[in-house]
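Protein chains: 2
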Amino acid sequence: MQISKGVEWAAHAASLMIGLPEGKGLKSEALARYHGVPTAYMAKQMQALSKAGIVQSSRGAHGGYRLARHATDITLWDITAAIEGSGPAFRCTEIRQNGPCGLKRSDCTRPCHIAASFAAAEAAFRDTLEAITLADLGAQVMQDAPPAHLLEIGHWLGEEAVPLGKSSD
Amino acid sequence: MQISKGVEWAAHAASLMIGLPEGKGLKSEALARYHGVPTAYMAKQMQALSKAGIVQSSRGAHGGYRLARHATDITLWDITAAIEGSGPAFRCTEIRQNGPCGLKRSDCTRPCHIAASFAAAEAAFRDTLEAITLADLGAQVMQDAPPAHLLEIGHWLGEEAVPLGKSSD
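In order, the protein sequences belong to chains E and S.
Numbers in the numbering used here are just positions in the first sequence, counted from 1, shifted up by 437.
Numbers in the numbering used here are just positions in the second sequence, counted from 1, shifted up by 437.
No wet-lab data here; the hints were simulated from the structure.
Heads up, some of the hints might be wrong.
Cross-link-like lysine to aspartate or glutamate pairs, in silico, DMTMM-like; alpha carbons within 25 Å at most [to be verified]:
{"no.": "1", "chain 1": "E", "residue 1": "Lys541", "chain 2": "S", "residue 2": "Glu596"}
{"no.": "2", "chain 1": "S", "residue 1": "Lys442", "chain 2": "E", "residue 2": "Glu531"}
{"no.": "3", "chain 1": "S", "residue 1": "Lys541", "chain 2": "E", "residue 2": "Asp581"}
{"no.": "4", "chain 1": "S", "residue 1": "Lys442", "chain 2": "S", "residue 2": "Glu567"}
{"no.": "5", "chain 1": "E", "residue 1": "Lys442", "chain 2": "S", "residue 2": "Glu521"}
{"no.": "6", "chain 1": "E", "residue 1": "Lys541", "chain 2": "S", "residue 2": "Glu589"}
{"no.": "7", "chain 1": "E", "residue 1": "Lys488", "chain 2": "E", "residue 2": "Asp510"}
{"no.": "8", "chain 1": "S", "residue 1": "Lys541", "chain 2": "E", "residue 2": "Glu466"}
{"no.": "9", "chain 1": "E", "residue 1": "Lys442", "chain 2": "E", "residue 2": "Asp564"}
{"no.": "10", "chain 1": "E", "residue 1": "Lys541", "chain 2": "S", "residue 2": "Asp581"}
{"no.": "11", "chain 1": "S", "residue 1": "Lys442", "chain 2": "E", "residue 2": "Asp544"}
{"no.": "12", "chain 1": "E", "residue 1": "Lys442", "chain 2": "S", "residue 2": "Asp544"}
{"no.": "13", "chain 1": "S", "residue 1": "Lys442", "chain 2": "E", "residue 2": "Glu521"}
{"no.": "14", "chain 1": "E", "residue 1": "Lys541", "chain 2": "S", "residue 2": "Glu597"}
{"no.": "15", "chain 1": "E", "residue 1": "Lys481", "chain 2": "E", "residue 2": "Asp510"}
{"no.": "16", "chain 1": "S", "residue 1": "Lys541", "chain 2": "E", "residue 2": "Glu589"}
{"no.": "17", "chain 1": "E", "residue 1": "Lys488", "chain 2": "E", "residue 2": "Glu521"}
{"no.": "18", "chain 1": "S", "residue 1": "Lys541", "chain 2": "E", "residue 2": "Asp573"}
{"no.": "19", "chain 1": "S", "residue 1": "Lys442", "chain 2": "S", "residue 2": "Asp573"}
{"no.": "20", "chain 1": "E", "residue 1": "Lys488", "chain 2": "E", "residue 2": "Asp564"}
{"no.": "21", "chain 1": "E", "residue 1": "Lys461", "chain 2": "E", "residue 2": "Glu589"}
{"no.": "22", "chain 1": "S", "residue 1": "Lys481", "chain 2": "E", "residue 2": "Glu531"}
{"no.": "23", "chain 1": "S", "residue 1": "Lys488", "chain 2": "S", "residue 2": "Asp564"}
{"no.": "24", "chain 1": "S", "residue 1": "Lys541", "chain 2": "E", "residue 2": "Glu597"}
{"no.": "25", "chain 1": "E", "residue 1": "Lys481", "chain 2": "E", "residue 2": "Glu596"}
{"no.": "26", "chain 1": "E", "residue 1": "Lys541", "chain 2": "S", "residue 2": "Asp573"}
{"no.": "27", "chain 1": "E", "residue 1": "Lys488", "chain 2": "E", "residue 2": "Asp573"}
{"no.": "28", "chain 1": "E", "residue 1": "Lys442", "chain 2": "E", "residue 2": "Asp573"}
{"no.": "29", "chain 1": "S", "residue 1": "Lys461", "chain 2": "S", "residue 2": "Glu597"}
{"no.": "30", "chain 1": "S", "residue 1": "Lys461", "chain 2": "S", "residue 2": "Asp510"}
{"no.": "31", "chain 1": "E", "residue 1": "Lys442", "chain 2": "E", "residue 2": "Asp510"}
{"no.": "32", "chain 1": "E", "residue 1": "Lys461", "chain 2": "E", "residue 2": "Glu597"}
{"no.": "33", "chain 1": "E", "residue 1": "Lys481", "chain 2": "S", "residue 2": "Glu531"}
{"no.": "34", "chain 1": "E", "residue 1": "Lys541", "chain 2": "S", "residue 2": "Glu466"}
{"no.": "35", "chain 1": "E", "residue 1": "Lys442", "chain 2": "S", "residue 2": "Glu531"}
{"no.": "36", "chain 1": "S", "residue 1": "Lys541", "chain 2": "E", "residue 2": "Glu596"}
Here are some, though not all, of the chain E residues that point toward chain S, as calculated from beta-carbon distances under 7 Å [as the list claims (entries may be wrong)]:
{"no.": "37", "residue": "Tyr471"}
{"no.": "38", "residue": "Glu521"}
{"no.": "39", "residue": "Ile532"}
{"no.": "40", "residue": "Ala557"}
Virtual Cβ for every residue (Gly too), placed ideally from N, Cα, C.
Turn these sequences into a full structure, and let the hints steer you where they fit.
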C-alpha cells in the first residue's frame, strides 16, 4: 500500500499557497522550484487539485494557482482524494461466491466481513485526514518556524506571486 | 492508494484454515480451487504468510498449510503487513529541506506536520485492522452462514485436508 509522491507535493504546495498575497497565485514552475521537484510532475498535481476545486487557476502569461477555498475548508483528505482518487483501497472481488462452496449471489446481501473490516479501517484513515485542515498545518508551521524563515518565505512569495488573470473555469 | 488482491485472497484462505481438522493442512492448489483463483498467485500469498509466521507449512507430497497460531492471535493487520509490507504508505521525502527557502537539516528535528498527519491516519487504519482477529471473522461467518453451507464447507475440508508432514521451518 503506497501513497504517491504527488500527495506529498500537492500538500506542501497547497500549504504554501496559504501565504499568498490576496488575488495573486503561483505558477507550477515556481511551485516546483520552491520544493525542488520537477515542474511537469508538479503541474500534473496542480491540475488534479484544480479539477477537484481545491485550487483555482488562470490561463495565459500571468497564469497561476491559488487556493479556491479558505484554508479552513480544505482538508488533507480533500488533497489525498484529489490526487489518489476517493475509491476504496481494498477492492472486494466477492471471492466468497467462487469455487465448490461458493455462496449464491442472492445470499450475499451484506458485505463480506473481510471487506467490511477494511472499509472500517479506511474510514478511520479518512476520518483522521478529514480532521486536519490546511489552516491547521499552516498554523503549525507558523508556530514552529524560526521568524527569519517566515520572513524568507514572505520575501519569496512577494517576488514570485503573479496576479491571477481570468479564471480558466 | 490500493491494497493488492493478494491481501483479499490471503485473508479468505487464512479464515478458511480455522475450520481445518487438527494436524491437517491445505495445499495451495486446494486453497486456490476453493476460492476460484490462480494457484501460482495463491501459492505466493501462502509463502508470504509462512514467512511472517502466520501459517506453518510442510514439504513433500503431503505438503500443506495451516495456521501457525491460534486464530485469536492473528489479526487482519498481521495478514495485511505480511502481504503488503509494514512500511509507511506515505513516504516523506523531506521536501521541506529543498529549494530556495529549504529548512536546514539540523532544524528538522521533528517530523514534518504533513508526514506526521499521514502517520496518524495510517496508525488509525492499522489499529482498526489490529483489533480484528481471524477468530472474529470466523465467528461472524459461523453466525451468518446457512447451516447447510457450513456442512458443505466441513465436507470439503474433510476431503481436501492433508496430514501435515515435517515442518519446512
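Each hint, compared with the structure:
1. E:Lys541 - S:Glu596: 22 Å, holds
2. S:Lys442 - E:Glu531: 11 Å, holds
3. S:Lys541 - E:Asp581: 14 Å, holds
4. S:Lys442 - S:Glu567: 19 Å, holds
5. E:Lys442 - S:Glu521: 18 Å, holds
6. E:Lys541 - S:Glu589: 13 Å, holds
7. E:Lys488 - E:Asp510: Measuring from Cα to Cα gives roughly 16 Å; hence the hint holds.
8. S:Lys541 - E:Glu466: Distance of about 23 Å is within 25 Å: holds.
9. E:Lys442 - E:Asp564: Holds, at about 21 Å.
10. E:Lys541 - S:Asp581: Roughly 14 Å between the alpha carbons, so the hint for Lys541 (chain E) and Asp581 (chain S) holds.
11. S:Lys442 - E:Asp544: Between Lys442 (chain S) and Asp544 (chain E) the Cα gap is close to 23 Å, so the pair holds against 25 Å.
12. E:Lys442 - S:Asp544: Given pair Lys442 (chain E), Asp544 (chain S) holds - Cα atoms ~23 Å apart, limit 25 Å.
13. S:Lys442 - E:Glu521: 18 Å, holds
14. E:Lys541 - S:Glu597: 22 Å, holds
15. E:Lys481 - E:Asp510: 22 Å, holds
16. S:Lys541 - E:Glu589: 13 Å, holds
17. E:Lys488 - E:Glu521: Satisfied, since the Cα-Cα distance of roughly 13 Å is no more than 25 Å.
18. S:Lys541 - E:Asp573: Holds, at about 23 Å.
19. S:Lys442 - S:Asp573: 21 Å, holds
20. E:Lys488 - E:Asp564: Given that 25 Å is the threshold and the Cα spacing comes to 22 Å, the pair holds.
21. E:Lys461 - E:Glu589: Holds - the C-alpha atoms of Glu589 (chain E) and Lys461 (chain E) are around 18 Å apart, at most 25 Å.
22. S:Lys481 - E:Glu531: 20 Å, holds
23. S:Lys488 - S:Asp564: With a Cα-Cα distance of about 22 Å, the restraint between Lys488 (chain S) and Asp564 (chain S) holds, given a limit of 25 Å.
24. S:Lys541 - E:Glu597: Distance ~22 Å between Lys541 (chain S) and Glu597 (chain E) Cα, so the pair holds.
25. E:Lys481 - E:Glu596: 24 Å, holds
26. E:Lys541 - S:Asp573: Holds, because 23 Å separates the two Cα atoms, which is no more than 25 Å.
27. E:Lys488 - E:Asp573: Measuring from Cα to Cα gives roughly 23 Å; hence the hint holds.
28. E:Lys442 - E:Asp573: Given pair Lys442 (chain E), Asp573 (chain E) holds - Cα atoms ~21 Å apart, limit 25 Å.
29. S:Lys461 - S:Glu597: 10 Å, holds
30. S:Lys461 - S:Asp510: 19 Å, holds
31. E:Lys442 - E:Asp510: The hint holds at about 23 Å.
32. E:Lys461 - E:Glu597: 9 Å, holds
33. E:Lys481 - S:Glu531: Distance ~20 Å between Lys481 (chain E) and Glu531 (chain S) Cα, so the pair holds.
34. E:Lys541 - S:Glu466: 23 Å, holds
35. E:Lys442 - S:Glu531: 11 Å, holds
36. S:Lys541 - E:Glu596: 22 Å, holds
37. Tyr471: 5 Å, holds
38. Glu521: At about 5 Å, which falls below the 7 Å cut-off, the nearest Cβ of chain S leaves the hint on Glu521 (chain E) intact, so it holds.
39. Ile532: 5 Å, holds
40. Ala557: Check passed: Cβ of Ala557 (chain E) comes within 5 Å of chain S, closer than 7 Å.
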